[in-house]
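**Student:** Start from the sequences, fold in the hints, and give me the full structure.
2 protein chains.
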Amino acid sequence: MFFETPVYFISSSAVGGHEEMSSPYSSHFDFFHDKDTFGEDTFEKAESELSRIAFNFLLNKIKMSQEDIELLISGDLQNQCVASSYGLYTFGIPYLPLYGACSTCTEGLLVASLYLQAVEKTKPHYVGVVTTSHNSAAERQFRTPLEYGAERTPTSQWTATAGGAFLLTQQKNHILPLHDSPFAVRIVWGRAGKVIDGAIADASNMGAAMAPAACDSIRHFFCHTPYQIDDIDAIVTGDLGEVGSRLLCELLLEEGIDISSIHHDCGLCLYDKTSQDVHAGASGCGCSASLLSAMVLPKLKSGEWKRVLFLSTGALMSPSSVLQGISIFGIAPMVLLESEKMCF
Amino acid sequence: MFFETPVYFISSSAVGGHEEMSSPYSSHFDFFHDKDTFGEDTFEKAESELSRIAFNFLLNKIKMSQEDIELLISGDLQNQCVASSYGLYTFGIPYLPLYGACSTCTEGLLVASLYLQAVEKTKPHYVGVVTTSHNSAAERQFRTPLEYGAERTPTSQWTATAGGAFLLTQQKNHILPLHDSPFAVRIVWGRAGKVIDGAIADASNMGAAMAPAACDSIRHFFCHTPYQIDDIDAIVTGDLGEVGSRLLCELLLEEGIDISSIHHDCGLCLYDKTSQDVHAGASGCGCSASLLSAMVLPKLKSGEWKRVLFLSTGALMSPSSVLQGISIFGIAPMVLLESEKMCF
Numbered sequence: 301m302f303f304e305t306p307v308y309f310i311s312s313s314a315v316g317g318h319e320e321m322s323s324p325y326s327s328h329f330d331f332f333h334d335k336d337t338f339g340e341d342t343f344e345k346a347e348s349e350l351s352r353i354a355f356n357f358l359l360n361k362i363k364m365s366q367e368d369i370e371l372l373i374s375g376d377l378q379n380q381c382v383a384s385s386y387g388l389y390t391f392g393i394p395y396l397p398l399y400g401a402c403s404t405c406t407e408g409l410l411v412a413s414l415y416l417q418a419v420e421k422t423k424p425h426y427v428g429v430v431t432t433s434h435n436s437a438a439e440r441q442f443r444t445p446l447e448y449g450a451e452r453t454p455t456s457q458w459t460a461t462a463g464g465a466f467l468l469t470q471q472k473n474h475i476l477p478l479h480d481s482p483f484a485v486r487i488v489w490g491r492a493g494k495v496i497d498g499a500i501a502d503a504s505n506m507g508a509a510m511a512p513a514a515c516d517s518i519r520h521f522f523c524h525t526p527y528q529i530d531d532i533d534a535i536v537t538g539d540l541g542e543v544g545s546r547l548l549c550e551l552l553l554e555e556g557i558d559i560s561s562i563h564h565d566c567g568l569c570l571y572d573k574t575s576q577d578v579h580a581g582a583s584g585c586g587c588s589a590s591l592l593s594a595m596v597l598p599k600l601k602s603g604e605w606k607r608v609l610f611l612s613t614g615a616l617m618s619p620s621s622v623l624q625g626i627s628i629f630g631i632a633p634m635v636l637l638e639s640e641k642m643c644f
Numbered sequence: 301m302f303f304e305t306p307v308y309f310i311s312s313s314a315v316g317g318h319e320e321m322s323s324p325y326s327s328h329f330d331f332f333h334d335k336d337t338f339g340e341d342t343f344e345k346a347e348s349e350l351s352r353i354a355f356n357f358l359l360n361k362i363k364m365s366q367e368d369i370e371l372l373i374s375g376d377l378q379n380q381c382v383a384s385s386y387g388l389y390t391f392g393i394p395y396l397p398l399y400g401a402c403s404t405c406t407e408g409l410l411v412a413s414l415y416l417q418a419v420e421k422t423k424p425h426y427v428g429v430v431t432t433s434h435n436s437a438a439e440r441q442f443r444t445p446l447e448y449g450a451e452r453t454p455t456s457q458w459t460a461t462a463g464g465a466f467l468l469t470q471q472k473n474h475i476l477p478l479h480d481s482p483f484a485v486r487i488v489w490g491r492a493g494k495v496i497d498g499a500i501a502d503a504s505n506m507g508a509a510m511a512p513a514a515c516d517s518i519r520h521f522f523c524h525t526p527y528q529i530d531d532i533d534a535i536v537t538g539d540l541g542e543v544g545s546r547l548l549c550e551l552l553l554e555e556g557i558d559i560s561s562i563h564h565d566c567g568l569c570l571y572d573k574t575s576q577d578v579h580a581g582a583s584g585c586g587c588s589a590s591l592l593s594a595m596v597l598p599k600l601k602s603g604e605w606k607r608v609l610f611l612s613t614g615a616l617m618s619p620s621s622v623l624q625g626i627s628i629f630g631i632a633p634m635v636l637l638e639s640e641k642m643c644f
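Protein chains in written order, with the working numbering: chain A, 301 to 644; chain B, 301 to 644.
These aren't lab readings, by the way, just hints derived from the structure by calculation.
Remember, predicted model here, so these are calculated numbers, not experimental data.
Each hint should be verified, as a subset may be incorrect.
Pairs involving identical chains hold if they fit within one copy or between any two copies, as the list cannot separate such chains.
Simulated crosslink set (EDC-like; lysine to aspartate or glutamate; CA at most 20 Å straight-line) [unchecked claim]:
1. K601 with D531
2. K421 with D368
3. K599 with E638
4. K606 with D531
5. K423 with E304
6. K641 with D572
7. K421 with E304
8. K599 with D530
9. K641 with D531
10. K606 with D530
11. K606 with E319
12. K335 with D577
**Tutor:** Below, the structure is given as structure tokens:
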């Protein structure tokens, strides 16, 4: 759907752990914890602390108080999304928890945009979106405890210990004094994805499981909006990794859509392939969330990109469903981001 | 927030398992499976089948096709919400997965209402909301495998094997030919709840853990809307059970708000206390969802109730967080339901 009232990013933050310090985009991150523990005694609590730090950095950057924020939308990969609810409850903001697997960041932006369409428009309203993942918390939950030292397969991806926080509003005028760049970034269109069964049951090959969902969403975008490939500067997927990215380009080419020249995958951008061995790339809710803040928004705010189709990709499965041999379904909600010249 | 465009229920359905067949509201249920397996070989798959059946009954009742529905919002208690995504993917409807623990039903109605505010208003738009829970799938995930035969404590509640499905639209005129009763039911107001720490770490005492969140939400409602107690026919909470319901009334009385004469808790209404031993009452996503369809909507559609504050209550915890001794946080999103006389 096209949003009658465009939704503007006021600010964002990106937080990472040890592996993320070597990211090619590390200079755009706001904080790293070099031991991944974030000062906590369990990895699960560390992820809660990561989400709290990400949101605190966001608030501090723009000197806003948590009382001004009406709604907080959040999710993560832990069972029952406890990382987010435990991490963010101290802010005391009305809360909408989501679970879209690794697609939660885009799902959150979409629901935030819906909320900002529904509010009365005479005053500015502020909504926060936070998404995180933690490598050690995710690995022991979804696969095997780290202490087992299980060998990783070539198609497996490295769940990022990372998170991103975003603050959105519907009043363009209000963002002017806060903004630090010549271009503002707005969300003008969005769509929830369909659940697609790619017939992959291997929990170490999530890229292949999610590629058909990303393909379905992108095909829908070009069939049901007036945009052509040339109108878009970049199509940024969440965490398809090497296998899923190649598959996505192949699947779309079969439909006559060639995105290879404008496709970027956060799973392939987060780490440096030449020096970091993460097998098929990065994954996790925090992968696309941190790179939205550290890669996509900076390129839009500088004017390098004008229009970006951003779609995080999620694998809908649970440890039990994998043990029961059910195939892993994919989903890929989308938002269309545009840069807009600010007049001072 | 007050919804500028009221959101109307077109139809609903309620599905239950073996224990739910003896519910005082069983005559308003659409389907029961007397073995809780719904024809599947695992309890997890049974819950997926339950959600599919609930949504199918909804569509059949109003002779609508799944192609007419723009968005499906769903959630359940299983890890990573797989019951919903596996159960509903066959419908091929764009999908927004949520996780609000047992509060997911109200959270879904809230997000659906936001969506219907944001759409262009010249034509009718349709959104589905489905929520389920399954006793056996939940027990072995959150507490102990059923085969252990663990003794249940007096404060523990019985997770309902049940689900509810709802279809909403923003165009009042369009519901007329479909409607089967003198009153239509609309959602006019809603609010996401705050995450509240009630300092309870006992996973068998969820009612006490959630009561402070329900108290915070109800207090907010009476402080920030023009409504007084006398304007409301019923306040219906999700699954506080005996312990939580008593606690909620006590907490609100301390604030000078006496809801005891209009308070109904789905956890106390779903089963027959005289013949069904479920300890402190029912619980689960499916408890409030099925009774919204089988108890609340029928009373509003018949005109017995005119205005109802409906708030499902959720306990934000995971099996790991309980083992790590972290307290269980509560959340209670709200919607205000009104009956509206239809003119034929």
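**Student:** Could you tell me which of the hints above the structure violates, numbers in ascending order?
**Tutor:** 6 and 11
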